[in-house]
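Note that the sequence shown covers residues 1 to 147 in the numbering used here.
No lab work stands behind these hints: they were computed from the structure.
We put the beta carbon where it would ideally sit given N, CA and C, even for glycine.
Since no wrong hints were added, every one of them can be taken at face value.
Pairwise CB distance ranges (calculated): (1) 96 x 4: 23 to 29 Å; (2) 141 x 92: 37 to 43 Å; (3) 89 x 130: 29 to 35 Å; (4) 38 x 105: 19 to 25 Å; (5) 137 x 93: 38 to 44 Å; (6) 51 x 140: 19 to 25 Å; (7) 107 x 70: 17 to 23 Å.
Calculated pairs, BS3-like style, for lysine-lysine (alpha carbon to alpha carbon, straight line, at most 25 Å): (8) 130 x 23; (9) 130 x 75; (10) 75 x 23.
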Amino acid sequence: MSEGQAILALEDGRIFHGVALGKQGNTVGEVCFNTSLTGYQEILTDPSYTDQIMTFTYPHIGNVGINADDMESEKVTVRGLIVRAPARQTSNYRSQEPFHAWLESQGIVGIADIDTRALVRHLRDHGAQKGVIASDGMSEADAIAMA
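Using the sequences provided together with the hints, build the complete structure.
Structure, rendered in structure tokens:
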């Protein structure tokens, strides 16, 4: 795996390749999804998603940035993040911090540029699964075993 690349490995052996987002490293958790068009910051800080890896089905996440008013708890509660196309630029007057910088400061390992629709269909057809996001050079076999 070259620098900047990441993998998502599901416990059933399915692998998705993408680009690292947030903190470099690896994380494990139950992969779930949310279909909301807005509210990504609230979702990522919602204690009901603690220890899960959140997949956003809406393709563009992060364009509003981060602000103190939209926190549901004091910190991010999810283990990881999966998105199709993270915003590279914030475009909201309420933003206090860019999305990607916030993820890194919160220690969240994420993956971007994967087909989230295919992932959600896979979860729907094969049931809930644990997964591993790795952007630290972990092999696919090791990631599947960790999941």
